[in-house]
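Peer 1: Quick mapping for you: the protein sequence lines, in order, are chains A and B.
Per the numbering used here: the first sequence ends with 227, consecutive numbering throughout.
Per the numbering used here: the second sequence ends with 1209, consecutive numbering throughout.
Careful: at least some of the hints might be erroneous.
[What the hints assert, rightly or not] Reference excerpt, derived from the structure (chain B facing chain A, CB under 8 Å, subset only):
(1) 1031
(2) 1054
(3) 1087
(4) 1175
(5) 1176
The set of hints was computed from the structure by calculation and includes no laboratory data.
All C-beta atoms, glycine included, are put in the ideal place defined by N, C-alpha and C.
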Amino acid sequence: MSKKPSKGGAPALDMTPMVDLAFLLVTFFMLTASFRMAEPVVVDPPSSIGMVDLPDNHIMVTIDDKGRAFFGISNSTAKMNALREMAAKYKVPFTEEQIVKFSGLPSFGVDIKDLPKYIDTKEDARSNFQPQKGVPLDTIIPNNQLKDWIAIGGRKAVEMYEEAKIKAADAGGEFKAEKPRYAIKCASKTKYIYVKDVIKTFTDLKLYQFNLITSLEGGGTVIEPTK
Amino acid sequence: MAEIAEGGGGGHKGGKKRAKKQSTRIDMTPMVDLAFLLLTFFVLTATFSKPKSMELTFPAPPPPGPVDEVKNGITFLLTKDDRIFYYEGQFRAADDEKGKKTELSELNFSQESLHKYLLGKNKDMQDQIRALDVKHKNKQLADTTFKRMVKEVKADKASYTYLIKTDDKATYKNVIDIIDELNVNVVGKYVMVDILKPEMDLVTEKVGP
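With the rest of the complex left out, here is chain A:
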């Protein structure tokens, strides 16, 4: 009931509720947004009608159009543990600082021998890091590091999952996390033969179920035939 006497001049609008709302929304989106570090390689996945969201807890192999494989684990603790075990297996020394830094990195595509140097490289210089040949997965010369990464990474991710489950059970809370899943992200133009090598690596480890990452289909479901 506080009607102000109009004094003439410019009409004033009380913007306070609008500002309140705007800042509330800004805060909400800021807190829910999850920022990702720049991936070492940008791949453009093909589209499909698949509507399954990529699970949050995943172990991902990215394959670019040159057939290089990049490896990443979404759970950072599992990633650190995996690196420790890989370091012991391949006898490559890592400092504790490097291991922590590694857990924050997105997927990587270097030989484990080059990994310490890769981790120490500055963020903006990392995409130009050489030699970035992809994680080796040769089967002819036995140097299938990808296989070890998947096996060890997968085991660590499951361990973290079980741990979180037990913790949740002790606390009496509801447990919502999902089991880690294996995902393959691949560029449209990649020759399938490269993908096959990666899938072979998975099936050799008796892992038969993956999520193939695709972008959402816009309209029709078919591509035009190339003339």
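With chain A held as given, fit chain B onto it using these hints.
Peer 2: Positioned in the frame of chain A, the structure of chain B alone reads:
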């Protein structure tokens, strides 16, 4: 626009008087502008961040020994330039008592070609599933019953099994597209298999090296 009142302008004569008169309201327009700018940014970046995926199961390697003859098989051979070749039934390198030598037919990824072909092959099953779907939507079927019945229809012995094979020039997109098209046509049984040498030779004959 000096909106904020200066607090006690040390020793100024008319300072106190003016401060009393001045409005305490501040102009919020720039702040609101900024707030909405940020809001727009976060809305746009947040919505499109989650990638979609397609779940796929690959077959475990079969136990060693002679492989059973594929009875109701259709084999797709993917090759370069988005071309698809296919043949039905068992592969035969030459005429024998069971059938003729395998000839490859061609399809492409357009609506009239692959989609139509699959639709023709799969009509019965699709009609059955559609009928079930209608019943389900009309609440005549429970969710679980519906799921089981769809599964049964898909696993029908008489329906075709699709084998997808690729040569070394096919792209990942081709594979995803064909799986997608099979999904669109509610095909229940498909599998990725390695290409065999004689099949590869036939494809090479068609498309050139």
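Peer 1: Next, verify each hint and record whether it holds.
Peer 2: We went through each hint and held it up to the structure:
Look at residue 1031 (chain B): its Cβ gets to within about 7 Å of chain A, closer than 8 Å, so that hint holds up. The interface hint given for residue 1054 (chain B) holds, since its Cβ lies 3 Å from the closest Cβ of chain A, which is under the 8 Å cut-off. The beta carbon of residue 1087 (chain B) is not positioned within 8 Å of any beta carbon in chain A (closest approach about 19 Å), and the interface hint is therefore violated. Nearest Cβ of chain A to the Cβ of residue 1175 (chain B): about 5 Å, under the 8 Å cut. The hint holds.
Nearest Cβ of chain A to the Cβ of residue 1176 (chain B): about 4 Å, under the 8 Å cut. The hint holds.
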